[in-house]
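Participant: Here's the letter readout for the chains.
Protein chains: 2
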Amino acid sequence: MYVYGRNVLKEIINAHYPVKNIYFTDSKKTDKTFKELIELTKKHKYSFSFAPDNVLQKMVNVSKHQGVVIDIGKEFKYVDETILNNLRENATIVILDQIQDPHNFGAIIRSSLAADANLIVIPKDNSVEVTSTVIKVSVGLAFRIPILKVTNISRFIETIKKHGFWVYGADMSHNIYYETNLTGNVAIVMGNEGSGIREKVKSKCDALISIPMANNVESLNVAVSAGILLFEIFKQKSGR
Amino acid sequence: MYVYGRNVLKEIINAHYPVKNIYFTDSKKTDKTFKELIELTKKHKYSFSFAPDNVLQKMVNVSKHQGVVIDIGKEFKYVDETILNNLRENATIVILDQIQDPHNFGAIIRSSLAADANLIVIPKDNSVEVTSTVIKVSVGLAFRIPILKVTNISRFIETIKKHGFWVYGADMSHNIYYETNLTGNVAIVMGNEGSGIREKVKSKCDALISIPMANNVESLNVAVSAGILLFEIFKQKSGR
Numbered sequence: 026m027y028v029y030g031r032n033v034l035k036e037i038i039n040a041h042y043p044v045k046n047i048y049f050t051d052s053k054k055t056d057k058t059f060k061e062l063i064e065l066t067k068k069h070k071y072s073f074s075f076a077p078d079n080v081l082q083k084m085v086n087v088s089k090h091q092g093v094v095i096d097i098g099k100e101f102k103y104v105d106e107t108i109l110n111n112l113r114e115n116a117t118i119v120i121l122d123q124i125q126d127p128h129n130f131g132a133i134i135r136s137s138l139a140a141d142a143n144l145i146v147i148p149k150d151n152s153v154e155v156t157s158t159v160i161k162v163s164v165g166l167a168f169r170i171p172i173l174k175v176t177n178i179s180r181f182i183e184t185i186k187k188h189g190f191w192v193y194g195a196d197m198s199h200n201i202y203y204e205t206n207l208t209g210n211v212a213i214v215m216g217n218e219g220s221g222i223r224e225k226v227k228s229k230c231d232a233l234i235s236i237p238m239a240n241n242v243e244s245l246n247v248a249v250s251a252g253i254l255l256f257e258i259f260k261q262k263s264g265r
Numbered sequence: 026m027y028v029y030g031r032n033v034l035k036e037i038i039n040a041h042y043p044v045k046n047i048y049f050t051d052s053k054k055t056d057k058t059f060k061e062l063i064e065l066t067k068k069h070k071y072s073f074s075f076a077p078d079n080v081l082q083k084m085v086n087v088s089k090h091q092g093v094v095i096d097i098g099k100e101f102k103y104v105d106e107t108i109l110n111n112l113r114e115n116a117t118i119v120i121l122d123q124i125q126d127p128h129n130f131g132a133i134i135r136s137s138l139a140a141d142a143n144l145i146v147i148p149k150d151n152s153v154e155v156t157s158t159v160i161k162v163s164v165g166l167a168f169r170i171p172i173l174k175v176t177n178i179s180r181f182i183e184t185i186k187k188h189g190f191w192v193y194g195a196d197m198s199h200n201i202y203y204e205t206n207l208t209g210n211v212a213i214v215m216g217n218e219g220s221g222i223r224e225k226v227k228s229k230c231d232a233l234i235s236i237p238m239a240n241n242v243e244s245l246n247v248a249v250s251a252g253i254l255l256f257e258i259f260k261q262k263s264g265r
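Listed in order, the protein sequences are those of chains A and B.
When the count follows the working numbering, it moves up by one through the first sequence with no breaks and lands on 265 for the last residue.
When the count follows the working numbering, it moves up by one through the second sequence with no breaks and lands on 265 for the last residue.
Worth double-checking, as some hints may not be accurate.
Since the list gives no way to pick out one identical chain from another, each pair is judged satisfied if it fits inside one copy or across any two copies.
[Said to hold, decoys possible] Computed list of lysine to aspartate or glutamate pairs in EDC-like fashion (alpha-carbon distance at most 16 Å, straight line): (1) K35 <-> E243; (2) K45 <-> E243; (3) K260 <-> E204; (4) K89 <-> D126; (5) K227 <-> D56; (6) K89 <-> E61; (7) K89 <-> E218; (8) K60 <-> E106; (9) K99 <-> E154; (10) K53 <-> E64.
Don't read these hints as lab results, they were simulated from the structure.
Turn these sequences into a full structure, and let the hints guide you.
Facilitator: Here it is as structure tokens:
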């Protein structure tokens, strides 16, 4: 799988994420920030080579690769469920129930790390996966937060309840998000762009929380909703 | 300009927005929600006709038109600056300084109406405009909130200051958004996806406000940031 972009490479190196090879464009070897990236790559002993722009473009099928394409091997490395034993106290888990849009997923990854969430969970089926577009939209932050793929979201919710998590579904409800105590071990479930959280998954949640809206608007973009809820959790956990 | 989608048509009718013609697919005339849409169109005396799917597809260049294409005439109807004389007390203005991505713009329109903002402002140059993609992403809400295009953002900020607005730029700052009083007549300025607010525009702001972030993440997706700030303003103005 090929991923691309300068920020993406920086985050890969930051995260010491293992890759097969890094391809730099051969047309910008003298560019200053570019030289620094190559130095960083050398310093961390990553394998790299140079290639013409049109070869890079063919690898990733986009022109805005910024002169950097990274071969990260067969698939993005998801974590497994044993991570639940290693989460810190007062952890935050973000569960995405069948999100479809890579831009939404990428933006949610970015917000999750920024709001100090500790794990993102997606279902194996009917969900966007971590693709090169998702990684690009996440500005490479997908390499810095654990992402877990599970067979069954409902069963996963039961599992984390046993680990002491309180699970909130983002849905129409009388519980206003900023009037709800979101400290401690907490998970939020965000639903599909069109249809929201599936009924079966919703029934597993401890409570539903809602963002009050004006002008009879029914819902927000899911990445925006997730951002609002995640930063409320972050604020409350910071003791504000 | 052709726009498309069922929600988009609903919002056009809700807003009594004048259009040239509405084209329905001729393949779904018996579909229930579809019939209701046609009834609504008749009731509000909009002109409409039927056309084959492939004709609709050619008009909008996408396949997911949901059987509804609307010809809204030459250009989307922006408001003019006289709107400033008709804003309510304690109004909220959203100023977008050279946003490029139609998905971001559409999501911000949706959040703005949902958070009870009263006006969205974009610059004439180097900015995404209200296109059919923007309208689709806004789920048609672009027809329900005034959008103004100005030649010069800096000068516009000077104008609204005279109208009693306090102008906040979203940028790195020591002023944390939820510790800042955002009631009264308030405007927020959101910057370009890559480079943020231009220096000249920033210098016109009364203050900068910032969303504190963990893990050295430098910024969020601009639609997410806008959503977080807009819903903080909405919350404060609701007296919570």
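Participant: With reference to the structure, classify each hint as holding or not holding.
Facilitator: Outcome of the hint check:
no.	hint	verdict
1	K35 <-> E243	between (39 Å within a copy, 13 Å between copies)
2	K45 <-> E243	neither (46 Å within a copy, 28 Å between copies)
3	K260 <-> E204	both (13 Å within a copy, 11 Å between copies)
4	K89 <-> D126	between (20 Å within a copy, 15 Å between copies)
5	K227 <-> D56	neither (52 Å within a copy, 29 Å between copies)
6	K89 <-> E61	neither (19 Å within a copy, 44 Å between copies)
7	K89 <-> E218	between (27 Å within a copy, 15 Å between copies)
8	K60 <-> E106	neither (39 Å within a copy, 48 Å between copies)
9	K99 <-> E154	within (14 Å within a copy, 40 Å between copies)
10	K53 <-> E64	within (14 Å within a copy, 60 Å between copies)
Violated hints for the displayed structure, listed by number in ascending order: 2, 5, 6 and 8.
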